[in-house]
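Please build the complete structure, drawing on both the sequences and the hints.
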Amino acid sequence: MRFQVPEHFRQSMGWLHTWLGIGLSAVLFAVFWTGTLTVFDREIDRWMKPELRFQPPEAVSLDATALSRLAQVDVQRGSVVWVGIPRERIPAVRLIYEDSQGESHEEWLDPRTGAVLALTDSHAGSEFLFRFHFMLHIPGGVGYYLVGLAALGMLALVVSGIFVHRKIIQEFFTFRPRKRARRAFLDLHNLMAVTGLPFHFIIPFSGLLILVTTWFPWSMGLPFEGDVRRLDAAMLAYERPLITATGRPGEPVESLDMHVSRAHAMWRAAEGTGTSDPEWVAIFNVHDAASYVVVERFFANRRVALGPDQIVFDPRNGAVIDQFTPPPVQRASAWIEGLHWIQFDHWALRWLYFIAGLGGCTMIGAGLVYWMQARTRPPRPDAIQVRVVRAISIGSTTGMLIATAAFLVANRLIPADAAPAGMHRHDLEIQVFFGTWALAFLHAAVRGTQAWRDQCLAVSGLCALAVFLNWITTGHHPIAMAGSAAVACMDIALLAGAAVALLAFLRLRKS
Amino acid sequence: MIPLMVCLIFAACLLLAMSQERHWKSLAGAAADHHRARVMSRFAAAALLGVALMAGIAVEGAGFAVLVWTLLANVASVAIAMVLAFLPALLRPQQPTDGTDRHRIRSQILL
Numbered sequence: 000m001r002f003q004v005p006e007h008f009r010q011s012m013g014w015l016h017t018w019l020g021i022g023l024s025a026v027l028f029a030v031f032w033t034g035t036l037t038v039f040d041r042e043i044d045r046w047m048k049p050e051l052r053f054q055p056p057e058a059v060s061l062d063a064t065a066l067s068r069l070a071q072v073d074v075q076r077g078s079v080v081w082v083g084i085p086r087e088r089i090p091a092v093r094l095i096y097e098d099s100q101g102e103s104h105e106e107w108l109d110p111r112t113g114a115v116l117a118l119t120d121s122h123a124g125s126e127f128l129f130r131f132h133f134m135l136h137i138p139g140g141v142g143y144y145l146v147g148l149a150a151l152g153m154l155a156l157v158v159s160g161i162f163v164h165r166k167i168i169q170e171f172f173t174f175r176p177r178k179r180a181r182r183a184f185l186d187l188h189n190l191m192a193v194t195g196l197p198f199h200f201i202i203p204f205s206g207l208l209i210l211v212t213t214w215f216p217w218s219m220g221l222p223f224e225g226d227v228r229r230l231d232a233a234m235l236a237y238e239r240p241l242i243t244a245t246g247r248p249g250e251p252v253e254s255l256d257m258h259v260s261r262a263h264a265m266w267r268a269a270e271g272t273g274t275s276d277p278e279w280v281a282i283f284n285v286h287d288a289a290s291y292v293v294v295e296r297f298f299a300n301r302r303v304a305l306g307p308d309q310i311v312f313d314p315r316n317g318a319v320i321d322q323f324t325p326p327p328v329q330r331a332s333a334w335i336e337g338l339h340w341i342q343f344d345h346w347a348l349r350w351l352y353f354i355a356g357l358g359g360c361t362m363i364g365a366g367l368v369y370w371m372q373a374r375t376r377p378p379r380p381d382a383i384q385v386r387v388v389r390a391i392s393i394g395s396t397t398g399m400l401i402a403t404a405a406f407l408v409a410n411r412l413i414p415a416d417a418a419p420a421g422m423h424r425h426d427l428e429i430q431v432f433f434g435t436w437a438l439a440f441l442h443a444a445v446r447g448t449q450a451w452r453d454q455c456l457a458v459s460g461l462c463a464l465a466v467f468l469n470w471i472t473t474g475h476h477p478i479a480m481a482g483s484a485a486v487a488c489m490d491i492a493l494l495a496g497a498a499v500a501l502l503a504f505l506r507l508r509k510s
Numbered sequence: 000m001i002p003l004m005v006c007l008i009f010a011a012c013l014l015l016a017m018s019q020e021r022h023w024k025s026l027a028g029a030a031a032d033h034h035r036a037r038v039m040s041r042f043a044a045a046a047l048l049g050v051a052l053m054a055g056i057a058v059e060g061a062g063f064a065v066l067v068w069t070l071l072a073n074v075a076s077v078a079i080a081m082v083l084a085f086l087p088a089l090l091r092p093q094q095p096t097d098g099t100d101r102h103r104i105r106s107q108i109l110l
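Chains as they are written, first to last, in numbering that gives the first Met the number 0: chain A, 0 to 510; chain B, 0 to 110.
Honestly, I wouldn't trust all of these hints.
[Said to hold, decoys possible] Below are the EDC-like pairs computed for lysine to aspartate or glutamate, each with C-alpha atoms no more than 20 Å apart in a straight line:
(1) A:Lys48 / A:Asp426
(2) B:Lys24 / A:Glu170
(3) A:Lys48 / A:Asp109
(4) A:Lys166 / A:Glu6
(5) A:Lys48 / A:Asp287
(6) A:Lys509 / B:Glu20
Hints were generated in silico from the structure; no laboratory data involved. These numbers were taken from a predicted model, which means no experiment stands behind them.
What follows is the structure in structure tokens.
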């Protein structure tokens, strides 16, 4: 007997799917798009900070780089020094320390020479695009809640969409581009949605899981009688060093390399040759008689599940003081969260995520166009709600693409020492992003349907301009594969984006 | 191992598409008795998907294999649907072409 969805239930789900989709589409597209780009955040970093365009040597000495630098700077005794170990996607040594005035410093060191790199001041992919993905750059926590609401809404959209679709199996591989536009866009929406169903479910679900204590803090607040502010205060104030500083000066740590290779060997012995590399090494109670070294990996590079795995060493005699591995009960959530963070070195999977992310963006865009096509009856003038939704749709889809491309163009055009009215250079890039995005919304409101065409042309031009400016300002271009493979791939992706946008423009001009 | 998974999953998606009446007719023509062939291709597709997952788990480990398998199935399904929509001639090996079909398809994509 075949199960039939009752018609009234299907209609209710249809209403929910339509209006929840229209209401959340702008946020969902922004989050999906920046999430898709963040898959290649470190590669975007290397494009926007040309000083990072080199391959790290096979063996990097932290002693010759980080420890040498620490000997030259004024470090607060008893504080914590963090050293980020270079990896395939992050070629430089990252050094974070506190000076004797209590001011925090972050430096990037060349792993080949130990010299401090003067990086272009940009928040690029791993800071701006990454943070935008989960907080939309809105201060005061509003962005977090909007994104959380969108993620919950996405789950509801996935479930309601299953009930709305009448022929999921029969039309699984169906796309009819030559039918009328409304049918073609519905097919495209359905095709992307149904084939990507597991991805569209697990991504918002894992995102919700990562920030679950931000969005649902009440259970954790129970020990504080539900007072979440007291919970936050207690969490911030909580500090329990493994060994308390004595206050007496001690010998500086002689070697970090020794502890890192020992930790790696211990993990390899436990897990086999496919074990992940150490990610950070930290010196606690630095320059104190009770200093100790922690080797850690949180974003494991050869497995999906997150850490942390930690081994604590006594730098005076090399003894293992403590070792931490997450308990088995944590593995399931660590895997689900890890599949969202995508920090592993698996290039095939990274590209698949990127393609699936683009599919998600296409699904949202096609759904919006279908909604508008269904409500447009030329030559009758469009209803006000159609015009509003159209302006929001264009601004939030092609407008977002324009803003991203303008962000890259600004990165190559703004001089290194630009600081008007005391602003940082990286803030200028972000202002360009939001300024262009706002202009795209305004343009969409004024131009109506024509704005699709105009904005496709703008995307195409800006993408090509970004590649050209990269060539002019750094000498790197994809034909010579100069710079690094990451940069060449990004240039090729930008050129492909320019070509697709140009094709879309030509197609729209004829229709 | 990834290339093998790509081949197996693409083949499985093609067989799944063929197992549907609409695509069977579009690729093989309106053959009289094809129900049995369609059912067989469904079983074959399931077997290929199973082998792909097992091969992935054996080499990549379960953590990575599940993700690669799921996302490859996603990409392969979209790719097969696009080929069926724009270039169905690619999947009709026996049919002789005189080049006009290709020209028509190219102009449809570009314009």
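Status of each hint after checking the structure:
1. For the given pair, A:Lys48 sits about 15 Å from A:Asp426 by alpha-carbon distance, which is consistent with the 20 Å threshold.
2. Pair hint B:Lys24 plus A:Glu170 holds up; C-alpha atoms about 14 Å apart against a cutoff of 20 Å.
3. With a CA separation close to 14 Å, the supplied pair A:Lys48 and A:Asp109 stays within the 20 Å bound.
4. As the CA atoms of A:Lys166 and A:Glu6 are separated by approximately 14 Å, the hinted pair is consistent with the 20 Å bound.
5. Among the hinted pairs, A:Lys48 with A:Asp287 is inconsistent with the structure: their alpha-carbon atoms are about 36 Å apart, more than 20 Å.
6. Restraint check for A:Lys509 and B:Glu20: not satisfied, since their Cα atoms lie roughly 34 Å apart, outside the 20 Å limit.
In this structure, the earlier hints numbered 5 and 6 are contradicted, and the remaining ones agree with it.
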